[in-house]
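**Q** The chain contents come next:
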Amino acid sequence: SQQGEEDPQALSIQEGENATMNCSYKTSINNLQWYRQNSGRGLVHLILIRSNEREKHSGRLRVTLDTSKKSSSLLITASRAADTASYFCATAVDRGSTLGRLYFGRGTQLTVWP
Amino acid sequence: GAGVSQSPSNKVTEKGKDVELRCDPISGHTALYWYRQSLGQGLEFLIYFQGNSAPDKSGLPSDRFSAERTGGSVSTLTIQRTQQEDSAVYLCASSLAPRDNYEAFFGQGTRLTVV
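Residue numbers (my numbering), protein chains in the order written: chain A, 18 to 131; chain B, 922 to 1036.
In short, the hints are calculated from the structure, not lab data. Among these hints, one or two may not hold up.
[Claimed, not checked] Over 10 Å on every C-beta distance to chain B, these chain A residues come out as not near it, computed from the model: (1) 30; (2) 36; (3) 44; (4) 60; (5) 67; (6) 78; (7) 81; (8) 87; (9) 99; (10) 102; (11) 118; (12) 123.
[Claimed, not checked] Here's a subset of chain B near chain A, in silico, CB distances under 10 Å, partners left out: (13) 924; (14) 979; (15) 1014.
We treat Cβ as the ideally placed atom computed from N, Cα and C, and that holds for glycine.
Turn these sequences into a full structure, and let the hints guide you.
**A** Okay, here's the thing in structure tokens:
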């Protein structure tokens, strides 16, 4: 079964507010990645955080990783209407026959109102 | 090429027919993934190729589904005797060695509709 689960399933905010999405997973990972999807087609990679990292920044994005709780969060600061999309976390397992395989959650649908 | 290319973009087929979906990964990428996404749902893992290793086929939903990757490059996902529940967007992605923490690059997907 897929091991990444995002929370909440849907998030609706006003422009300028911050958006926080969470991801939980089940097994040991090599890294955790966040992706964005517009219009139900291809996903675009946003940020990757390694298992030995706790926090990472990229522009308006901030990702944290807590391996003891098997959870991650994605924070988008000063959101814009153009940030409206589905956001997915993906975990890369670190061992065994599934080394490198990416598991995706169901995603969080973010809507940013102008 | 500049990115992952999938063809066709859209495919409408009659129930019971076979379909082939193609994925051209980024040159040099050793890992290739196939996922399926139904409307409003997450990504369902189908199959994963990594270099010369045996593919991880554990996500294929039935024996009607098969995939191959020729010469470590182009991949074809074949669905035999299609059913209406096979209707979905099929996404392909490729990556450099995943164990070295590289991200996956996705194609735009093939929207399959079985009527």
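**Q** Compare the structure with each hint and give your call.
**A** Cross-check of the supplied hints:
1. 30: Per Cβ check, residue 30 of chain A is outside 10 Å of chain B; nearest 20 Å; holds.
2. 36: Holds, because the least Cβ-Cβ distance between residue 36 of chain A and chain B comes to about 19 Å, which exceeds 10 Å.
3. 44: 14 Å, holds
4. 60: 4 Å, violated
5. 67: Violated: least Cβ distance 6 Å, not greater than 10 Å.
6. 78: Per Cβ check, residue 78 of chain A is outside 10 Å of chain B; nearest 14 Å; holds.
7. 81: The claim holds: residue 81 of chain A sits with its nearest Cβ about 17 Å from chain B, beyond 10 Å.
8. 87: 18 Å, holds
9. 99: At roughly 19 Å from the nearest Cβ of chain B, residue 99 of chain A sits farther out than 10 Å, so the non-interface label holds.
10. 102: 13 Å, holds
11. 118: 5 Å, violated
12. 123: 4 Å, violated
13. 924: At 9 Å from the nearest chain A Cβ, residue 924 of chain B passes the 10 Å test, so the hint holds.
14. 979: 8 Å, holds
15. 1014: Where the cut-off is 10 Å and the nearest Cβ of chain A is about 8 Å from residue 1014 of chain B, the hint holds.
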